[in-house]
Structures are given as C-alpha cells and as structure tokens.
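Those protein sequence lines, which keep their order, are chains A and B. Under the numbering used here, the residues of the first sequence are numbered 19 to 169, in order. Under the numbering used here, the residues of the second sequence are numbered 2 to 309, in order.
Read the hints as simulated data drawn from the structure, not as lab findings. Mixed in with the good hints there might be a few duds.
What the hints assert, rightly or not - Pairs of lysine-lysine residues, derived as DSS-like cross-links and limited to a Cα-Cα distance of at most 27 Å, are as follows:
#1 A:Lys146 / B:Lys205
#2 A:Lys124 / B:Lys16
#3 B:Lys16 / A:Lys150
#4 A:Lys140 / B:Lys16
#5 A:Lys140 / B:Lys28
If you're wondering where the values come from, they're calculated on a predicted model, not measured in any experiment.
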Amino acid sequence: MNELKVSAIKEGTVIDHIQAGKGLKVIEILKLNRTNGKTVLLAMNVQSKKLGRKDIVKVEGKFLSEEEVNKIALVAPKATVNIIKDFKVVEKFSVEIPSEIGGILKCANPNCISNSEYTTSKFYVISKEPLKVRCHYCERTMDEGDILSNL
Amino acid sequence: MWKGRDVISIRDFSKKDIEHVLKTAEKLENELKEREALDYAKGKILATLFFEPSTRTRLSFESAMHRLGGNVIGFAEASTSSVKKGESLRDTIKTVEQYSDVIVIRHPKEGAARLAAEVAEIPVINAGDGSNQHPTQTLLDLYTIKKEFGKIDGLKIGLLGDLKYGRTVHSLSEALAFYDIELYLISPELLKMPRHIIEELREKGVKIYETSDLEKVIGELDLLYVTRIQKERFPDEQEYLKVKGSYVIDCALLARAKEGLKIMHPLPRVDEIHPEVDKSKHAIYFRQVFSGVPVRMALLGLTLGVVE
Ligand SMILES: [Zn+2]
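Build out the structure end to end from the sequences listed, making use of the hints.
Pasting the structure below:
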C-alpha cells in the first residue's frame, strides 16, 4: 500500500499505527486542531498489515513531549512515533501505557476532590487491555470510554 | 513503621498491618480495664475536622483520644468553620496542623483524606471521604469479629442489604479477603455487589454465594452483617416496601439460625433489625460500637508513635 498519497514532511513527527477512527482524537488531545497551529496531515482508514485499518497523523515542525506521548498511548496504545528530520526517519519508537498517569487526565467522578481542589491528578493503571485506571484520590476506576472523554 | 503514617484506605493495609492494629487495640482495651484513662498521648492534641456531621464517629475518636490521655480540638460541621468562607481544604489542613499532632478528617468529597494527608506533615486518619472509604469502621468490624469468635478464619459470613452502594460492606469484604472465610452476599437483585468486587474477592480465594433469599441461608451463617437499604435507591415506593419487608431481622427468623450466630450492624439502624432482637444472645451491634474506641485508640497511638 502506498502511503505517499499523503505528502511527506520535512521536519516533524509521524504518528503511525493509530487504530482506525482514533486519528481525530489524537489530533484533539495534542491540541493540533487550532487555526494558528502547525500543518497537520491526517490519513484515515489506511490499509495496515498489523491493524487491518489504521489512521496516521503527520505534524510538520513538531516534536512530542513525554506527556504527549503518554496521552497518545492512552488513545492509541499500538501507535508508533517517527521523528523526521530532513525527510528521513531519525528515530522510531512505540508508545507505551505507563503504570502511573500524572496530570494529563481528569477524574470522571464529579465528587472527586481532585476536581475541586488544586491538585495534580494521578491514576494507577490496573489493566492495559482493556484499559482501566484507578484514581489515586477517590479510588474510582475509569474505563476506556471515561478516559477518552476526560483527556 | 507506624509513627507518622496516615490511615486513608483499607487498600493501603497489608494483613500484617491489620493484625498489628487489632493486637494493639486488644492490649489497650485490657489496660483500660485496669485503669480508666491511660497517659500514652499526654500532651498531644488531636484535631477532628468534620466537614460533614457524623456525631458517632466524632465522639468515638474524641473518646479514644481522651482515654489515651490526650486532648482534642476541632469542628463538627463545615458551616461553623472558615470552610464556609471558601477556604481551600489545603489551607485548612496547613493551618490546623500548626495546632495539633494528628488529624482526623471526615469530608463529603471522595479523596479528600488522601489530599489532606499529602498536604499535612502530621498523620491524617480518614473518618469517611464521601462514598469512598471509612477504614476505621472496617478495622473495628474486624476487631469485633475477632473478639467475639476468637478468630476470623473459618467463618461463614453473610453481608445483607445494600451491597451495591454500601461502602462499609465493600471495604469490609476487601479486608475479609485476607482471611479464609466464606461470604454469603444477600441482597435484592437491584442492589447486588458490583461484579468487579466479586471477581477481585474470588481471585483472592474467597468462596462466594450470592442470593436474595435470607431465609434460605440464615441457618448456615456464623455471622450476619446487616446494612440499611435506602429508599432512594428504588424507582418506586412499592418495590422498596416489598424488598424492605423481606430483610427485617426478628426473633421468628432467628429461630432458624445457628445457636452461635452473631449479628452486626454499623448503625444507625432504621427498622432492619427489630428491637426485640437487642436482648438476644445474637445481637452484638452495641458491643461493636464499643470496639470503635480501642481500635481508634490503637490507630491514634500508633500513628502518633506513642504506642508500639
Ligand atoms: Zn478521582
């Protein structure tokens, strides 16, 4: 399958192997959907040996922070990140769901103290597949649906 | 190490921790039999911060601190404190810890005790955070069971009532999973124990039977832990009345129980246990209330570092 239907980027990041349908969510959590932002290319429903169908996100001129990589892992746990310099892949790695998630997720429980007091949210991953986390404060568990809507 | 430790969630406890608290409580209870008040916590100050009222729990902690020879300051509800003026929990804790050596907190929001413990340098004990945890209740329940039966292993224990929303039965069953017991979960269909808790208990080796029929299993049990069924949980009143009626403990029902069956209840009760049961040999719920004092003495003494 020819991926070059989507044009190559000179410098930046290609997030590959995103489960089909999650590409837009990846763009959303990285806050790339801003009119004054970077150039973003999204390919949806691309044929993939690994996933059947996949989405790909390419961002010109952007390199990801660790926090952003962790966020991607929660949305697209099978994603691979390619760092591009001068049209070449200079580094490639798979995202990994961390055992603890700090800061990037909001607790789904409206009565949780972390939603009303100044705190850094913290969650423990109790299962990676299906994804399930427990809030450090209120001890409630959140499943994938809760997590995606609170990133 | 107990000195300086926080008591926030039963999840933070190992079996060894639990056993140590129970043993310390027993030791302190025995010492109290010889002397009315002890002096382990002499010169120490407990701050009881009750952001929502719970008179029983507060009095139990205050009694425990006085029996240890210490002093108590605090407030009984948020409306009388600076909280009403909009002060953050963080600031309240930072202030109160300047005046005290240990904090007991009850708060309507889940996770409040955990946050308080992170902010405070001194130990924090959770006396209930919203619908989440109430670890001292769980420990006093275990203490009562151990005291009444001399052991926890080998017992057939029934949990009755609202098993879906009841935090007391959730924490208690998690703690009981450390022991070799059989659990009978008795509740209306609508209020069954959540699946994830049952799975967790089974993984830890607890034998579990689920039923909605109390009469069918009453003869099997060594211990029946009764909790209240709240009307608000039901879509209509008729359904509620039907269910409520089938879970009232009275002497007629107890005629079919084992001789040695004991009945516990976290109190306050409404009408799930008939008052005629109070004088029967099965009723231990007022002795259970008493257990709160030695158990809280143990926790205060251990976290203050004045009891080993
Ligand atoms: Zn929470």
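The hints, checked one at a time:
no.: 1; hint: A:Lys146 / B:Lys205; result: holds (21 Å)
no.: 2; hint: A:Lys124 / B:Lys16; result: violated (32 Å)
no.: 3; hint: B:Lys16 / A:Lys150; result: holds (26 Å)
no.: 4; hint: A:Lys140 / B:Lys16; result: holds (26 Å)
no.: 5; hint: A:Lys140 / B:Lys28; result: violated (38 Å)
In this structure, the earlier hints numbered 2 and 5 are contradicted, and the remaining ones agree with it.
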